[in-house]
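2 protein chains.
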Amino acid sequence: MNTYELPLLAKVLDMDADKPIILLNEITSKKLDAPTLSRVRIKNPSNQKVMTAIVNTTETIVKPKQIGLFGSVGKRLNSKTGDKLFITVAEQPKSIDAIKRKLVGETLSDEEIGQIIYDISTNNLSEVEITYFVAGVYNHGFTDDEIVSMVKHMVESGESLGLGHRKILDKHSIGGVAGNRTSPLVVSIVTSLGYIMPKTSSRAITSAAGTADTLEVLMPVEHNIAEIKRIVDETGGALIWGGSVNLAPADDKIIKVEHPLSLDPQGQLVSSVLAKKLAVGATYAVIDIPMGPHVKVKNMDEAKELARKFVEVGAKVGIIVNVLITDGDQPVGRVAGPALESKYVLEILEGKRFEDLADKSCLLAGKLLEMAGHCSKGEGYEIAKKTIENKKALTQFRRIIKAQGGNPDIKSEDIPVGKQRYEFRSEKNGTVAIINNRTVNKIARIAGSPITKGAGIQLYVMNGSRVKKGQILFEIFAENEAKLFDAQNFAKANNPVEIEKMIIEEYTGRDFEITPMKV
Amino acid sequence: MNTYELPLLAKVLDMDADKPIILLNEITSKKLDAPTLSRVRIKNPSNQKVMTAIVNTTETIVKPKQIGLFGSVGKRLNSKTGDKLFITVAEQPKSIDAIKRKLVGETLSDEEIGQIIYDISTNNLSEVEITYFVAGVYNHGFTDDEIVSMVKHMVESGESLGLGHRKILDKHSIGGVAGNRTSPLVVSIVTSLGYIMPKTSSRAITSAAGTADTLEVLMPVEHNIAEIKRIVDETGGALIWGGSVNLAPADDKIIKVEHPLSLDPQGQLVSSVLAKKLAVGATYAVIDIPMGPHVKVKNMDEAKELARKFVEVGAKVGIIVNVLITDGDQPVGRVAGPALESKYVLEILEGKRFEDLADKSCLLAGKLLEMAGHCSKGEGYEIAKKTIENKKALTQFRRIIKAQGGNPDIKSEDIPVGKQRYEFRSEKNGTVAIINNRTVNKIARIAGSPITKGAGIQLYVMNGSRVKKGQILFEIFAENEAKLFDAQNFAKANNPVEIEKMIIEEYTGRDFEITPMKV
Chain E
13 MNTYELPLLA
23 KVLDMDADKP
33 IILLNEITSK
43 KLDAPTLSRV
53 RIKNPSNQKV
63 MTAIVNTTET
73 IVKPKQIGLF
83 GSVGKRLNSK
93 TGDKLFITVA
103 EQPKSIDAIK
113 RKLVGETLSD
123 EEIGQIIYDI
133 STNNLSEVEI
143 TYFVAGVYNH
153 GFTDDEIVSM
163 VKHMVESGES
173 LGLGHRKILD
183 KHSIGGVAGN
193 RTSPLVVSIV
203 TSLGYIMPKT
213 SSRAITSAAG
223 TADTLEVLMP
233 VEHNIAEIKR
243 IVDETGGALI
253 WGGSVNLAPA
263 DDKIIKVEHP
273 LSLDPQGQLV
283 SSVLAKKLAV
293 GATYAVIDIP
303 MGPHVKVKNM
313 DEAKELARKF
323 VEVGAKVGII
333 VNVLITDGDQ
343 PVGRVAGPAL
353 ESKYVLEILE
363 GKRFEDLADK
373 SCLLAGKLLE
383 MAGHCSKGEG
393 YEIAKKTIEN
403 KKALTQFRRI
413 IKAQGGNPDI
423 KSEDIPVGKQ
433 RYEFRSEKNG
443 TVAIINNRTV
453 NKIARIAGSP
463 ITKGAGIQLY
473 VMNGSRVKKG
483 QILFEIFAEN
493 EAKLFDAQNF
503 AKANNPVEIE
513 KMIIEEYTGR
523 DFEITPMKV
Chain S
13 MNTYELPLLA
23 KVLDMDADKP
33 IILLNEITSK
43 KLDAPTLSRV
53 RIKNPSNQKV
63 MTAIVNTTET
73 IVKPKQIGLF
83 GSVGKRLNSK
93 TGDKLFITVA
103 EQPKSIDAIK
113 RKLVGETLSD
123 EEIGQIIYDI
133 STNNLSEVEI
143 TYFVAGVYNH
153 GFTDDEIVSM
163 VKHMVESGES
173 LGLGHRKILD
183 KHSIGGVAGN
193 RTSPLVVSIV
203 TSLGYIMPKT
213 SSRAITSAAG
223 TADTLEVLMP
233 VEHNIAEIKR
243 IVDETGGALI
253 WGGSVNLAPA
263 DDKIIKVEHP
273 LSLDPQGQLV
283 SSVLAKKLAV
293 GATYAVIDIP
303 MGPHVKVKNM
313 DEAKELARKF
323 VEVGAKVGII
333 VNVLITDGDQ
343 PVGRVAGPAL
353 ESKYVLEILE
363 GKRFEDLADK
373 SCLLAGKLLE
383 MAGHCSKGEG
393 YEIAKKTIEN
403 KKALTQFRRI
413 IKAQGGNPDI
423 KSEDIPVGKQ
433 RYEFRSEKNG
443 TVAIINNRTV
453 NKIARIAGSP
463 ITKGAGIQLY
473 VMNGSRVKKG
483 QILFEIFAEN
493 EAKLFDAQNF
503 AKANNPVEIE
513 KMIIEEYTGR
523 DFEITPMKV
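Residue numbers (my numbering), protein chains in the order written: chain E, 13 to 531; chain S, 13 to 531.
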């Protein structure tokens, strides 16, 4: 509308943020009618580069004739201090009307969702605007068609692995269960049998350690698209921190505004997971939904509806999905914390222990083998277990460690864990009834996990264990006394928690074809 | 929970924002588990000052052992570069649960609303969190009781004028009508008759000029509480920019996150207006609701429900409210832009013109006089008009200008307006059918209003005016050629707009007692 372009002199600032921010003097901000948080278009006339950025204001750092550029903005405009730039107020993003419609509960078209995802990934929408979108989805949900549109457009907005048309397997566990480190085991098992499985994982947000935090103890997990392709070509597998590639940038920005209220509407969760699967080219995916009072999915109705969405939307975007609803009521594995967990995974592959983490991993890997046609239904678990027993999975894990730049000869006993330790003992005789995931995670974090790799917690009992007074229940590991002390005090004031059979129920595409779920 | 206090060395930064921001090195941010936008408690052990601030991160500006303080944070902690400060992660604000409940449509208790307003005004809630609250209110509305709680707690969160128990009058016009500069006239009229009316006004957000922008041409409008009291003691009236006092700080933060989507849910609007009335101690208030397709309130159903809320909630918080629903379909007055509007107001008080702005002001002032018991119902308008005719209102306006530090001898012809002018002429014969408020505002803004005081637009016709081809319809004023050119091009591509009788209907507390409205 207002075509008036204001010329300003660039001042590159030694500052950066996770958004493209520019700094205007308050006088300039008023003159342009561009207050804090509004968007401006910036043009560098010397190279015709143009971008949109968000305004912050200052009275001192830049003068009225200047524009302060945060590091990334300077780079994108290829501009240095003293360059003349032209600034105009950016028009209101096209997707604002669609966001308002979602906020009041209307259903959005594929085109509208495409515009929203485009505006999010090009920084045309602010956090406040993205928040209104999430609020609408949280309040009114997404139809299956809307989720399909979300998946498609989120994949379009980012990079894809482009491995070609092959059978590519993938898995995903809905978060919140301590020690649920199945990914390295599942990847090692299925790739040892010749399948392709490039797995991206996250770092911890509220848990003691994410898979990426844990695997980093054994090998570098940050690799770009070209490196991942090379690793997959060499080994069939890859274990990568998802943040090092740009698979669905819009999704990451949406997740960021969900955190403050711990929102995670089902429709958004399904589109987020499937977009990341589709971006790596997955054709078969198994989804693990831990269910229980202390994890994300609280009851069977919620779990079933989530499973239905995964299977049906998956089919619409070309991924065959099977869902396993599992017991989320106690930690999987006996440890939480990067070094302790990586040690534990190696011990399983070395044949030193099996227990529930290995059991669950064989279930997930077995399901993928059945889906990919490697064997008949019901045979997958035993085939998976055999790759652990005959050390094929261990050999394969070492190949991946080597391809990603780690030491392939590392043994479980080589991994150092925290030297400051505290043994927490039972005050009475009895049977362990429940172990609370949240508390376990919290103790590990207070002890320093995941930043301090050696920090964490080791459990010596599980649900149903008979214990005697004075017996060690768990041990806390830290690398400095103050943190050990804090963790130990917290543990004294708060103590562990329930159990049932591992897989409570199972849903496949077939189930839904035969018996449609009520919504 | 985590009681671990990290000692860091302060580095005061030459930077400020509208929020209390501190800068942590990324390593420190990870160590503390305090990512960008999370909140930390900072303690200055030398003076025991404690505050909550929002984390931004950097790789370069501060080192891992440092904490960068934005200007206002340094001041509040009374801390200088090199001071040792203690940092802990702030606990999740108490009001997060209440915000989630509002988001899904539940009704909040007085205590919950109190906690939300407290957390907003103490910077314990981020913009994203406040946005979720607004989204909930927009989607599900407020009950009258919730609005009462909002008003009470917003007033508690800020300063109050504290003029004691007197008859204090106030008015408010719901925004969006160009040239609707009734406040200086209403204040001059009622205070000339001995009543108290300390009026706070806003600056323009999307209009050509706010009342504060306009009056600033004649006198300083930024005064603190003590100065306002002195001005009111001397004159009975005051015309103040609301932003210079801190009457309901939580409200200002809520309004800020409403802007990007232009949301203004009725419940929030009513609580916002009444909180500001209550904070100045108003006992009688008249609310002007312009209604029409191009302003905030589009139709009679919406206007009536808004009127009902104002009257009933007003009664519950101790303010007697009368509402006038007026014609919002064409500009009130003939001009838009600070200098043009202040000149126009002076011309009315000098007796040089009367027209619709004066007419509307006498209606509003007359209503206040009737409510305050100065005269019987139906007599207020004529009494108000008489104070203009006998120049008592002018004398009173000059007293206020003087008390606020302006030149009391200024005359309308002394006010300079933009020297760059363009006369926009009719291309055919006919009758003016409609004048569009939005377009008028936009032309004035493109010409430079409200920053450039002399910029704006003067209308020479109104709805129903008979015009001939070549006759001047309006004139654009600017202070530089480029802006005049832009405004003139915009005007050529977009042209003016409808009319009916000024007050369409009137609602008083009495009406609602007799005939309860359907909700």
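To be clear, the hints were calculated from the coordinates, so they are not data collected in a lab.
Please note that a few of the clues may not be correct.
Under the rule of at most 30 angstroms between Cα atoms (straight-line distance), these lysine-lysine pairs were calculated in the BS3-like manner [to be verified]:
(1) S/Lys31 - E/Lys87
(2) S/Lys43 - E/Lys75
(3) S/Lys43 - E/Lys31
(4) S/Lys265 - E/Lys92
(5) E/Lys414 - E/Lys440
Chain E stretches covered by chain S per the calculated footprint, using a threshold of three residues with CB under 8 angstroms from any CB of chain S [what the hints assert, rightly or not]:
(6) 57 to 64
(7) 143 to 152
(8) 368 to 381
We put the beta carbon where it would ideally sit given N, CA and C, even for glycine.
Worksheet entry | Outcome, coverage hint (the region 57 to 64 of chain E, chain S; C-beta under 8 angstroms; three residues) | Our answer is that it is violated, as 0 residues pass the Cβ test (under 8 angstroms) against chain S, missing three.
Practice problem: Would you mind confirming whether the straight-line C-alpha gap from S/Lys31 to E/Lys87 stays at or under 30 angstroms? | Solution: It holds: about 27 angstroms lies between the C-alpha atoms, which stays within 30 angstroms.
>> Count the residues of the region 368 to 381 of chain E whose Cβ falls closer than 8 angstroms to any Cβ of chain S, and tell me whether that reaches three.
In response: Result for this restraint: violated, n = 0.
Can you tell me if the region 143 to 152 of chain E counts as covered by chain S, using C-beta to C-beta distances under 8 angstroms and a minimum of three residues?
holds (count 6)
Quickly compare the C-alpha distance for S/Lys43 and E/Lys75 to 30 angstroms and report which way the hint goes. violated (36 angstroms)
- Message: Hinted pair, alpha-carbon criterion (30 angstroms max): E/Lys414, E/Lys440. Please report holds or violated.
- Response: Answer violated: E/Lys414 to E/Lys440 is near 48 angstroms, above 30 angstroms.
Distance restraint between S/Lys265 and E/Lys92, which requires alpha-carbon spacing of 30 angstroms or less = Measuring from Cα to Cα gives roughly 35 angstroms; hence the hint is violated.
- Given pair status - E/Lys31, S/Lys43, alpha carbons within 30 angstroms: holds (22 angstroms)
Violated hints, in rising order: 2, 4, 5, 6 and 8; the structure is consistent with all others.
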